[in-house]
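Let the hints inform the model, and build the full structure from the sequences given.
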Amino acid sequence: MTARLIFDRILVYGVALILALWVLAPLYLITIAAFSPQATAYDFPKQLLPTTLSAETMQFFLNSRGVVPSIINSLVVALLTILIALTLGTPAGYALARFRFRGRDAFSVLVLTTRMFPVAILSIPLAVAFLRIGLYDSVAGVALVHAAMAVPLVIIITSGVFVGVSHELEEAAQTLGCSRWSAFLRIALPLAIPGLAAAAIFTFVISWNEVFAATILTLRERTFPAQVLTALDQSLITFKFAGGFVMAAPAIVFIFFMRRYLLNLWGGR
Amino acid sequence: MAGLSVAGVTKTFGKAPALSNVSLEVKDGEFMVLLGPSGCGKTTLLRSVAGLEHIDTGSVRIGARDVTLLPPRERNVAMVFQSYAVFPHMTVRSNIGFGLRMRKVRSEEVRRRVEEGARLLQLERFLDRYPAQLSGGQRQRVAVARALVMDAELLLMDEPLSNLDALLRLQARADLKRLHEELKRTTVYVTHDQVEAMSLGQRIAVMREGVIEQIGAPMDIYDNPASQFVGGFIGSPPMNFLRGAVRDGGFAGDGFSVPLSRPRGEQGRELLLGVRAEHIVIGGGGIPAKVLVVEPLGSHALVTAVVGKTAVKVQAPVDVAVKPDQAISLRFDESRVRWMDAGSGTALPN
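Chains as they are written, first to last, in this note's numbering: chain A, 1 to 269; chain B, 1001 to 1350.
Be aware that a few hints might be false.
[As the list claims (entries may be wrong)] Partial list, computed: chain A residues near chain B (C-beta under 10 Å):
hint, residue
1, A140
2, L176
3, R180
4, R186
5, L191
Calculated from the structure, these hints are not laboratory results.
Idealized CB from N, CA, C, for every residue including glycine.
Written out as C-alpha cells, the structure reads:
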C-alpha cells in the first residue's frame, strides 16, 4: 500500500468519524439523560458513562397527560400514510419504470417539484378545507397530508426498484400462462418487496417526524411530535430528553434494519 | 404440434419499420432459424409470434387457429428468452413447473412432467436449488426445460446460447439439436450466429432490415445465396465478391479478366462475381493476385490475397507454400460461382 492510499484511507475514515460523532453525540447524550434520574439532569460536568440508570424519567414522561394517546395517534397516522402512499405511488413508479409514454420525463420532474412546496403552504389552506369537510382534527386528515408529502418519494424509490426487475421475467410469465396483472403479482411484486419495504420505512419516518402540518391540522387528536411541541415551553428538561429519545428511536431502529436496501437505492458499494 | 403461418406482418416502432410485409411458413415439427444481423427484425418477428408485440398489419396462425389478436397466454406457445428469464425467487422445480401450475394442471401431473423435463436437460440434481446457485449453462437449461414441459404447439427461442461461453455453447447447441430430433417440436429459433443457424436449422430465413431475404435449407443458402448480403453473411469466411463488367464475351474488372462459358447479359453490364474461399485454387494460371496474409488454422490455411484492390479469401491446404507479397494466380470452377447484379446485389439465375 502506498503512502498516498494510506493518506486517502485516513482522510475518508476521519471525515466519516467526524460526521458520525456529529450525529451520534447528541443522540447519546439524549438517551443517557432519558434514562437517568431526574435529579441528575442539571449535574455538571456531565458524566459520559451512564452511572445511575433509572426508568424514572421515562416513566414520568409516559405518564404525562396525552403522551401515550399521541404515540398511538402517530402510529395510526404513519400506518395510514404508508397504506395511502404505497397504494398510489407504487403503480406510478411501475409505470415510470416500464412504459415509454408521452410526457414521461415531464412527469418525473413534476413529481420532484411537488417536494418544493413548503408544508406551510399546503397545511393552512388544508386546515380550512378539512374544517369544511369534517376531516379537521382527525388522524385521517393528517395521514392524507403526510401521504401527499411521501408519494413523490415512493414513486421515485419504487420506479428504481422496478427498473431493477427485468421486464423479460414478466414477459416469460405471460408466455407461461399469466395475464399482465398476474405476471405483476406473481413475479414483479415479490421481487420488488425489499424495495417496497424500504419505501414503506421512508414513509414511516417522514410521517413520524412531521410536526408542522400535524400541529396545524389537529387540536385534541395530536400526533406525538405535535404533542411534544405544544408541551415544550412549559415542561422540565428531563421531559424534553425523554421526548427526544422516543422521537428518534423508531427511525434509528428502522434505518438499522433497512440500511442494506437504502445503500442499494443510492448506489452504495 | 402444429405449423406456423405468418402472413404480411408489418410492425413499426415510432417511424422506423421493424418488419415490412413479412410472410413465413413453418411446417409441423420443423426447426426454423431466423438469422440476421442485430436490428434486422428477427427478434421482433419472434415476439410478434409470441404475442409480446402488437403487429400493425398481417396475421399469425398457429395450426388452424388465428392467434393474431390473442394475448401470449392464449397462444399455446413456449418461449426461451435471451436472458433466460428464470424467476430468481423460485427454485428450479417451481420454475419448471410454473407454466403448468398456471394452467391448473393437477399437482402429481406437474411433479411428473417437471421431473421428466429435468431429466431431459440433466437438471435432476438441481431441482431444489435457486437460480442464483446455478451456473449460466444450468440456468439456460432451466429455461429450456420450463418451455419444453409446457408441451406447447410452438417453441420459440430468442438467442438462447448467446450468453454462454464458446465451449459451453458448442455443447448446448448439440443438446438442442438432440432434443429437437427426439421431441420433433415445431421450433422458431432466432440467432445472429450463422454457424449456429447452419448447424441447427432445417431451414433458415435470412433477414435484413425488416424483410426476409432468403428462405431455404442451410446448404442451399450457403451454395446459392439469393443476394450479395446473404452470401456475405453466411459462411466463415464470407463469400468473396469481385466487381466487374461484361466485356467481349468475358468478365473483366480491376486487375482481372475471366472468360464466360455462357452470356451473362449485354456488353458493359456491371456484375458481381461471388465465389466461396473453398472453391478457389492457388496456382495453375488464372487471375493474378498478390498474397497479403497467410493464416494457418489447423485443418487448413486461410490465405488473403488482393486482386486489383479487392481482398480475396482463399482456403488452401495447410502446407500451402506461399508467403506474403508473393505473386500468385487464382483459379475457380465457374460452376461454383454466383453472379449478382452489381447495383441491387440480387443474384442472377444460374
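The hints, checked one at a time:
| no. | hint | result |
| --- | --- | --- |
| 1 | A140 | violated (35 Å) |
| 2 | L176 | holds (3 Å) |
| 3 | R180 | holds (8 Å) |
| 4 | R186 | holds (8 Å) |
| 5 | L191 | holds (6 Å) |
In summary, the one numbered hint that this structure violates is 1.
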